[in-house]
Structure formats: C-alpha cells, structure tokens
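Chemist: Residues per chain are reported as follows:
2 protein chains.
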Amino acid sequence: MRSEIIAVGTELLLGQISNTNAQWISSRLADLGIPVYHHTVVGDNLERVSATFNQAQERSDVVIVTGGLGPTEDDLTREGGKVVFGQELVEHKETMEKIQRYFDQNQKRMSENNRKQALVFKDADVLENSEGMAPGQIYHHNRVLWIFLPGVPTEMKHLVNNHVIPYIRSNFQLGSQIVSEMMHFIGIGESDLETKLHSFITSQTNPTIAPLASEGEVGLRLTATGDTTDEARQKIKDLKHQLLEYVGDFYYGSDSITIEETVSDLLKEKELTIGSAESFTGGKFLERMVSLPGASSICKGGCMVYTAEMKENILHVPKSLINEYGTISYECAEVMALKSKELLDVDIAVSFTGVAGPSSSEGQPPGTVFIGLQIGEKKTEVYKYHFHGGRDQVRIRAVKKAYEILFHRLKK
Amino acid sequence: MRSEIIAVGTELLLGQISNTNAQWISSRLADLGIPVYHHTVVGDNLERVSATFNQAQERSDVVIVTGGLGPTEDDLTREGGKVVFGQELVEHKETMEKIQRYFDQNQKRMSENNRKQALVFKDADVLENSEGMAPGQIYHHNRVLWIFLPGVPTEMKHLVNNHVIPYIRSNFQLGSQIVSEMMHFIGIGESDLETKLHSFITSQTNPTIAPLASEGEVGLRLTATGDTTDEARQKIKDLKHQLLEYVGDFYYGSDSITIEETVSDLLKEKELTIGSAESFTGGKFLERMVSLPGASSICKGGCMVYTAEMKENILHVPKSLINEYGTISYECAEVMALKSKELLDVDIAVSFTGVAGPSSSEGQPPGTVFIGLQIGEKKTEVYKYHFHGGRDQVRIRAVKKAYEILFHRLKK
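Protein chains in written order, with full-length UniProt numbering: chain F, 1 to 412; chain X, 1 to 412.
Possibly wrong hints are sitting among the right ones.
Stated by the list, open to error - The calculated label-pair distances, taken between Cβ atoms and stated as ranges, are:
hint, chain 1, residue 1, chain 2, residue 2, range
1, X, K93, F, T229, 47 to 57 Å
2, X, H198, F, S130, 22 to 32 Å
3, F, S214, X, E58, 35 to 45 Å
4, F, Y383, X, D238, 48 to 58 Å
5, X, P293, F, E215, 16 to 26 Å
6, X, E58, F, P153, 25 to 35 Å
7, F, L174, X, D255, 45 to 55 Å
The set of hints was computed from the structure by calculation and includes no laboratory data.
Just so it is clear, the structure is predicted and the values come from calculations on it, not from any experiment.
Backbone N, C-alpha and C define an ideal beta-carbon position, used for all residues, glycine too.
Sequences and hints are given; from them, build the entire structure.
Modeler: Below, the structure written as structure tokens:
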C-alpha cells in the first residue's frame, strides 16, 4: 500500500508556515504500518492543484490532502478534486445548518461564500469537524482512497484520530502490526538518560528505542512490530519493564499524557486541592492545569500578583519584607506560598517570583527564579533557579520545574 | 522564473522530523522575489528520487535539493542526479583532504564510505561547507539551475546565506525588488473581509493581496514589486491606504505585532492599568499580557476564581446571586468585573466565566462564554458568546475576543 500526503496552500510556499501537518500525519501512518512515499506542497492554483492530484491518483493507493477547504476564492481543493474525479459537488445539509447556526447564534450576517464550506463530493463520506466549519471527506475514485482534511492542525488532528484512523483500521488488511509507546521522563537530562540506558539503546532492534528531548523533559519512543497487535504490545511491555528498573524514578507517563495531567491525576487520587500565587509567570502555572477537563475538583483558584503593590494588597506580603529583601527573593516566595494557601483555602499552594527578562530587576539577572511550595501545614519549601533563554522560555521552564517538583513530592 | 524545493530523506516521510528547511528556503526565495511552486519530500529510494528530479527538470527553472548527501548507502541524491543529468561524479580534492584531516585530528580510522561525501558532479561549482562535511553544489543542466545542499539545517542555512543567495543575485536579472506587509484584522471574518475587498482582491496584481485566516483573526498579505525597494514600498503604502477606507475599523497592526501587544500599547499610551477575574480561562488573558516585556507598567494582577467558592471568597460575588443565576451568567460576569476592578485597584477589569467543555455545566452547553468589562466608573458591559471547538479552543477564542473588545473600546 502506497500513500502520499498533499498540502494545499500558498502560505506554505511563501515560507509563512511549516508543513507540520505532513509530519504529524506521517507519524500516525507509520504507527499503522502504512508507508508514505511522498509529501507535496502545492499553492492555491487550480492548474497545479489538479496536476498534483492527477499524479497522486496514478501513483498512490491512499492520498491525504490537507488545506484548501476554507470559504475563500483561494481555497481550491474541492475544485481540484472535481477536475480529477469528474464528480459534482453537493451541499451537505448538516454542515450548512451548522454554519447558519453559528452565524445566527453570534448575530452575524453570513456572507454567501461561507456556503462553499458545506460543499462535498457527491457520494463522499462526510466527517463531522467538531473543531471548525469545513468537514473532512473520504472519497473513493478508481481504487484510490482520498481523504480530505482542513489545514488547521487542531481540526485536522481531531478528524484523523476520530475518523480517519478508525476507518483505515476497519477497511484495510494491515500486514505486520506496529505498536509504539512514547515514555515521558522529567528531572533527568537526555544525555544522562541515554548513558543510563546505553546498552539497551544500542542493542535493541525490536522494539527500537528512540530518545527525543523537548522543553524541560525527555521522551523515549519504543516501537515494536509483531504478527498481532498483542504480540507487539507484549514486546513493548517487557522492554518498558526493564527500562523502568534503571530510570523509573523519572518516568511520569506515556503517550499523550503531560506532566500537568500527571500531577492533576495525583492530586485527584489524593483528594488534594491546589492554588497558586504567580508573579512573572502571570498565571501560567494554574492555566495549564485549568486547561484540563475536570480541573474544578482540584484547582480552586489563584492570585496573579504582578506588581509589588498587588503582593501587598492581595496576599498581604509585608511591606517591610519587600523593602528588606525585595520581591525577587527567597523570603517573598516563602510568604507568597504561605499566604496564598490561607487565602485560597487549598491543600497545596505554589508561588512564583523571578525575573523573566529581558532586563534585570531589583539587581537580579534575567532567569533568576524562586518557586515556593506550601504543602498542608508543613514547612514552606523554596527553590531557587537560574534559567537560560528569553522571556517566554524562562516562564515556561519555571512552570515546568514547579510541576516536576510537585510530581516528585506527590508520587511518594 | 519558477522554482521548487525537494527534500530527500525517509526520516521526513516517517514523521520523525518536519521539513522546516523548505519553509526557511521559501521565505528567503520570497525575499528575492523568486516564486516557489512546489515542495516535495521523497524517501531514500533511487527510483523515486530520480523520478522526482526528472519532474523538476521539466517544470522548473531553479531546483533546490536538500539532504541525501551523507556517507551512507541511504544517501542517494548524488546517484539520483547522475541518472537525470547523465553526468559522472568525480572526487573533489579539497573536500577529500578535509575529510581525511578530520579523521586524522580525531585519531579515528576513516571508513571507506566517507569518501562518498567528496563526490561531486563533474563541472559543478562546489560550495565549501564550513559547518560540516558534505559540500553544496551548483550545477546547470539544460537551462535548469540545480542547487544541492546538505539536510542539516545549520549547514544548509550557512550555504544558502553565504553562497546561494549571492550566486543568484549576481547571476539572475532579479530586476524587481519585493516588499511585503502582513496586515492584521480582528472583529471581522475572513469571508466578510474578502467580500468587502472583493474588487481589490480580484483585480490587484501589484501589489497582490492574499488573505490568511488564523485563530480568531484574519491577515492580508500585500506583496509589491518595483524597480527599487522604495517604489515597491510606496505601492504597498498606497494600496494599504485604500484598503483601510473599507476595513480600517478592524485593522490593528502589521507584521509581527499581536493583538495583545496592540492592546498593551494602547493602555500604555492612555496610562491605564488592567487586571482580570478569570474562571474557565484560568488566567490565560492576563498571562498573554504578562508575556510581553514591560508589562508591569499596565498589568497589575488578577484573580483566578475557578470554583464558585473562590468567586464568593476572593471576589465577594454574593452567594444569593450564584444561587439565583448560577456562575455562568450575565450577572456573575458583571459582578466579577466590578468587584475585581475594586479589589485590584485598576482602571480596567475584564472578567471571564463560561463552559470550556467537554461537558455542560449548570445546564449551559460547552462554548457558552460571558465576558465582563469594567472601564473606570462606567456601566459594566457584559458580552455573551457561543464558541465552537474543544476545551482549549473555547478558552483561546474567549481570550482573543476579550482583546478584540478592548481594542475596539480603547482605540476610540
């Protein structure tokens, strides 16, 4: 089975955005054991879109097209397909109703070109796009399976996970089965992890082990093949068990789980509530947790106290303490954690004060960060760090570090 | 002049890395005014590499190839070119000496396959790769200019900046200079903007106008060519002036500026301070503003009041109000804005309450959002919305909408 991925959009050819969609889809197809032979990007030009589609029709069994499904005249994927398939486009009733409803609910007038988004190939399977307007489509033309998806990554990913992969799994005989698992580690560097697991990484062929570093953490992708999914899964399970004997202390979960999800799960398990007092992080710590479904059972609230005045007025950090030690200090982080725990009436409070940059503050260089942690009635803990990087990076690393500390404290 | 970019490497088709090289090269070529018509990724397979090269030879004037120049058997770019050009490969003396020197210096034995990296097309211009082993090459075949570059981004970029761009500048009549500007609009949909500017978009050729929708806003990229940069710039300026007569109300800035930056600048200009009371957005509104350098002069702090209890305890929203109307209500958003303005002692307070999903809350469906706005001593304004999408999307859209409202209120 040969597959290829086509992205339609001049913005890609102008270098305004990168074709990350092709990467993401490729890795999902790799998991299914479907080889991808080509990625192509073509601009918003009917002649070139049609030529690209014609070529794909001739050389591939599965063609996945992203982008070009919007409402404007530049959106030419439907028209390109029409040329190649010789198939008419029809209005999809449910989509048209959804578009109309959106404009009605937001009391806006719908301009006529929005109707375009409801056009689908006659006889296509229409894939409801719960994240946006234009639906996905599955269409068969002369033994080639065509899958049309919107170019917006969140919409595309949702359709692939919920419709395309289940469709492929149930309609194709996929030969040897591939199973992979991404293991996530925090609190250990990539080179350190690699050194500890060196003999495994160099000798393993099935499953393979591929390390992957990302912001403040490290991943290991295990990929196994087997005659059955169960067989491949068992190989992953066995290897994982061995790896955890060496680096289990740093492992927090696998696949799509994040460190904030892991910490949230630990809090739920222990029935603990949490809140934060955040200065230079501006609420980023709590925001990551609130982004998770069901956050309300653990996450009560927080104080964003960006100025010294706010630290005094909202959190009652004493003026004398600020005068003596400054707001970017061990002492201030300590009182922020302690006072916010009281004010928010939570089991655990986390505080952040520091210098995100670009300039120094109170004589402290950018990257200086204090994280305070108040767990129950225990003694307040304060950690000091120096992070590298620009303003955003310092904030992201500080928040990640707080989750790392919480993870290690809670899993005990 | 038509150009295209080909990346050779199975790792791209497996989704292990994204083809950021194509994006980067495209944006450099756009600066030179050279249109890119296709991006292609092909795997390490001689037949498919040759077929891809043959197609490029037929349809393009400039072909840039990245990757496949390494020492292993999988590196097939040279062999693919040999098939298409019918040209022999010769050993490049300086490169071979450099490779040998590297192994000598590091006291390693050079394996025979390393010689492969010194092979170049006979008569090619060899581009010294100061960042790595395999050199770049410039080669002419039947009026098509071929540029071969290593796939490692640092090596590729170095060669493009130091060799390829100077070569193109001095060997091509680029004649015209290109200037482009990305105009940002908020509060108007892509289709509506296009309808209002329809006559411009369809008739304009220099500058061209390309709409681009992103989360909650729309962009228009104007691209002009001229004999001089000044001439091109003037064309952009004139067209922009005309466009703003039609859609000026929605324009907030150009190029790298964001809506939160624009709002921050307006607040600084008017010497106003701001704070927020956020429920389901979890601090995301204020966090966006705190992420900007110099936020402390306008951005004092905020309250993340995720639970009903926090709304009562921190913001003193009356229990009776919550019992009667619920927390996801016009009334609650109103009191949250009013009370947070007092508590934070700011000029403007913004409040958020709503249902991010995935499940309903207080009988309200996901996507229901109330945004409250308290400006000075004016009457509190409350806006109700229904947003589409998953949990993250609803939160992002709500925050964007608040910036949109603030922008329109502040610029008056």
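Chemist: Taking the hints in turn, state whether each one holds.
Modeler: Cross-check of the supplied hints:
A hinted range of 47 to 57 Å for the beta carbons of X:K93 and F:T229 is consistent with their spacing of about 54 Å. At roughly 31 Å, the beta carbons of X:H198 and F:S130 sit within the given window of 22 to 32 Å. Look at F:S214 against X:E58: about 41 Å separates their beta carbons, and that is inside 35 to 45 Å. Take F:Y383 and X:D238: their Cβ atoms lie about 57 Å apart, and the range 48 to 58 Å holds.
A beta carbon spacing of about 20 Å between X:P293 and F:E215 agrees with the range 16 to 26 Å that was offered as a hint. Between X:E58 and F:P153 the C-beta distance comes to about 33 Å, which sits within the given range of 25 to 35 Å. In this structure, F:L174 and X:D255 meet the distance hint of 45 to 55 Å, their C-beta atoms being roughly 47 Å apart.
When each numbered hint is compared with the structure, no violation occurs for any of them.
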